[in-house]
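Chains as they are written, first to last, in this note's numbering: chain A, 17 to 192; chain B, 63 to 217; chain C, 498 to 879; chain D, -8 to 384.
Each hint should be verified, as a subset may be incorrect.
Said to hold, decoys possible - Calculated lysine to any residue pairs in the SDA-like style (CA-CA distance at most 20 angstroms, straight line): (1) C:759 x D:137; (2) A:45 x D:117; (3) C:530 x A:45; (4) C:699 x B:77; (5) B:74 x A:154; (6) D:159 x A:154; (7) B:114 x C:688; (8) A:178 x B:157; (9) A:21 x D:159; (10) D:134 x B:80; (11) B:187 x C:688; (12) A:178 x D:118; (13) D:134 x B:189; (14) D:134 x A:123; (15) A:45 x D:257; (16) A:34 x D:137; (17) D:154 x A:166; (18) D:257 x C:759.
If you are wondering where the hints come from, they were derived from the structure by calculation, not from laboratory data.
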Amino acid sequence: MSIHKLGGTPLSDEEFKKIIKEITRPNAKYLMSAGQAYSVFFEGLRRGKIIGTYCERCGMIYVPPKIFCPYCFTTLDKWVEVADEGKVVTAVASYYSANMERLKEPQIVGIIKLDVPGRTFTSYRFPGLLHRICGASLDDVVSQRIFDARVKARWRPSEERKGDINDIECFEVIKT
Amino acid sequence: MSYMRRISSLDKIYHFKTEMEINAYHYTAGPIGTRWLEALKNGELKVAKCNKCGTRFLPPKLYCPKCFSEVSELESISGEGYIDTYSVIYYNDSGERMSEPVIIALIRFEGIYGGIIHRVKTDPKKIRIGMRVKPVFRRDKKGSIDDIEYFQPIE
Amino acid sequence: MSQPVVLGIGYSGFQPSTSHYNIREMIYEAAAKAYEDAGGIDPGSDVDAFVSCQEDFWEGISINDEFVPDQLGAVLKPVYTISGDSLQCVLSAYSMIRSGAFDVVVVESHGKPSEILTMRDMILMSYDPIYIRPLNPENVFVFNALEAKAFMEYNKIDREALGRYVVSSLRKGLRGRRNPYASIKNVEAYLEEEYVVEPLTKLDFAPYSDAAVVVVIASEDVAKKFSDEYIKISGVWSVSGTSSIVYDDLREDTMTKIAARKVFDMTGIKDPVREIGVFEIDERISHVPLMVIKALRLSEDVNRDLMMGRFDEEGDLPVNPFGGALSEGNVLEAHGLARLVNAYEILKGSLGSRRYSDVEKILIHSRRWPSSRTTTLAILSR
Amino acid sequence: MKTNIHVKNRVAIIGAGLTLFRRRLLETPQEMTWIASKKALEQAGMDFKDIDCVISGSAPDTFDGVHMKGEYYSEGAGGFGKLHFRVFVGGGTGVFVPIAGWWMVASGLCKKALIVAEEKMSSAADPHPQAVFRHIWDPLIEKMLGPNLIWIFALEMHRYMHKCGVSKEDIALVSVKNKANALDHPCAQAAAKISVEDVLKSEVLVYPVNRLDISPVSDGAAALVMVSEDVARRYTDNPIWVAGIGFNLDSYSWTNRELAYPLYLKKAADMAYKMAGIENPMKQIDVAEPYDPFDYKELHHMEGLGLAPRCKAAELTKEGVTQRDGDLPINPSGGLLGVGNPIAAAGLMKVAEIFWQLRGEAGRRQVKKPVYTGLAQAWGDLMQVGTVIILRR
């Protein structure tokens, strides 16, 4: 039967290994500007602060910041410092690294809805960050106790900070 | 913290090096391409042939580039072709002058649709469109278009 | 049938580097200007859909479609990406409006080549991985030079003609608005340049620029509500090349030929030489506009017509009269929109002298750079 | 977006074709594209020379390992010398290709269009195709945290479980159903008879995601032939009409919004329903193929599409409503969980399935009840894109 009628030619792992192939090692490197908003954000992290932008029209606060409000389409240049504290809106326990290598102990990561003094946000739009969560156990995740838990940024010592997201080591669960 | 409306000084702008890579891509050549590369590995330059419309073509594909029927055949050719167009590289991508200019040409073959882009080894002053050439194979071959080291003029 | 029109344009950048701004901030600036130019439209309530033309390997982000909406004011709106030249986005927007289902479509495109550190490898990644890439030539533009050689030999176009084109275009660029690379050169200086990849010298390649361009396209009926200063898109068509470049005839521009036939048919153009007032053509590599001139049958003898200045500002067939990509720089997929912006400004009378005040139709052309011959043509008219 | 009373030209689908979906195929991206196109054309009774436009889609270039890959694979669809462009909305691409195809035909610019989607993930062989997903994040912020792809879906799944009170057992039922449905699909890669137990006992990757909650890595291509009404009448007595299209994209700031409910999908669906004149999707949609790269996504998407009340999709699944012989068959093809997930091709496979279901040509996969209106949907980017197409007999 013709190949197209069969729908193609499957290869097993073994066959794939043996068969003739061409190989390319990609070299795709970039030097990216953080631009206006992120540069202020990173400078803030270096100084131990979480900085966002504030839209005067709709009241939304953007963390990470933007110099425009995507909803009102206005230019933003009001900067606000938000708390380095907040609560967990979701969290998971990862047994794999970025390169998909198996980890011995699961790493807990989550999304943190950050506090802004004097403001409340719905669960639909809020300033939030993805980060590692420390001081929580696998059981805290599985039992969903981690949801709504209060967490606070654990900062690297100021001399080790470089002005990137890893200046925050993790968000640590505040024991009550 | 007080800020200007915008940052203008360059030292306040953060930059990050980043990449979009994996270790390596491995490309298979398809049912006909694989057989064609195997032939190259044996030092033979073949062409694909469409049984429906008779088109003989290079590079080989599972489908005929003329009538889009399925292709299953390879045919031997002498390997003698001619230069359809060429270029000479005098400077590399980094802007350095080449110690020895490299000629790249599109080589076509009588009666064959398509052709091959490859190196030609000759004096850049002597090269011309229409010049007849043939492939020179490497000693160690692996089943790649690069098994042909270059094409050389037929005296 | 709804007539699609260009209602507004905005851009930022067109500089060798724009390191103070993240690309999304540049797009915001371009979008804000475009919406204002369109009569003050509100992206949230007045726009039906948004489309971005871009390619991931230029961005350094896999699936960069993710990052399209916010800076366009397009969050929770119909938004999509075409991995192609920005004139293909115009084609798609044109079709959306003609379908009757959409009234206002925003097209965005951008390029930030100043942030790409490994351009050579990226260009090589765009070639066939089995039959071309393994040659790994010392200069990846050699494949473009194969075409330049074939075209020039077959049509007996000499090096001086190419030089004349380049020199003239760089000078025309001095009158344009977005041209960091415009300059005064003479043909003698061009002829002294060494070949980089024969028959092309470094003057034959547009240097890189960063830019973002946003264009608002609308049906004529709806456009009228916002502004009466719009420009019609009379026709647009795109024709794909093949990545097996050896299947093609490199001596002529097959894609432009096919696309022109279709676009002239759509717009009822019988005699392009008489009916089209200005040509905005892709010149990111200098032999390409000459191939296009041939394919459009604008000239029997390109050497002679270049010598006579027919393609200059005062000629009867002005090509890129305010400079093309050689002057403004190669802005990657945004190139097609850069041509459109020039045409829009000329037709509105906001760019150039009275010389062009009677121009009715402008042809714009963009070809995918660097490895594909895929071509898109459009006719803009008053 | 106006309703379809303003649209003059009706658009029909008259043929569909698929390659096998497999972890590895020998064929090149061009050849895979050709196989799917050839099969779709054969069903339509057409040849490549009859086609005037090719609209294609494919997910990231970083899978195939070809920059500007649309320019590369389009040759296999006969794109050379014809109109072709490639659309790309991440995982939502597969369903978006016929959406773009719809307006190319509805506008009258194209009469006979080939709609094709291709993905060759196996080329990204070293270390693994999944490694490509490192590059989908904001490179300056999230990528610096060393995330893997499963993080974000696990975060969304867990938020959904928490908000809606859905258990892992409830979710696993989807995987069990879809993999079983795929046993009847000739192209399927991951068809299996498994139990909820098997899913729960499979390796935990990122809690709450286990290995059997996820669709596999695949090579594959899919194609449709999409034509204007007059052409359709000439070629077939049984055309399937495009009744509605919808698409919508939320903010890239995915950590700044509610993940338990896909608002963007509701908006995409509303756009399509409005065009198709559908007011009560739960009653008016007879069969649906929502996007299921993970099992929870089927439930999540049913709710976004209005095919289940919010937080109630798991209940419908438990009651058997979504089985092939149920009241609202969901993913009768076997979905991505069962047939496989060559990203863009998987989305288009879903549209092909609805086409075959409405024609009554789905063979052993044919749903029990009579079907007149069907829906296919895909999803992607940073959990922010919804693409929806509604077909009608």
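Please write out, lowest number first, the hints stated earlier that are contradicted by the structure.
Numbers 1, 3, 4, 5, 7, 8, 9, 12, 13, 15, 16 and 18 - these are the hints that the structure violates, sorted from lowest upward.
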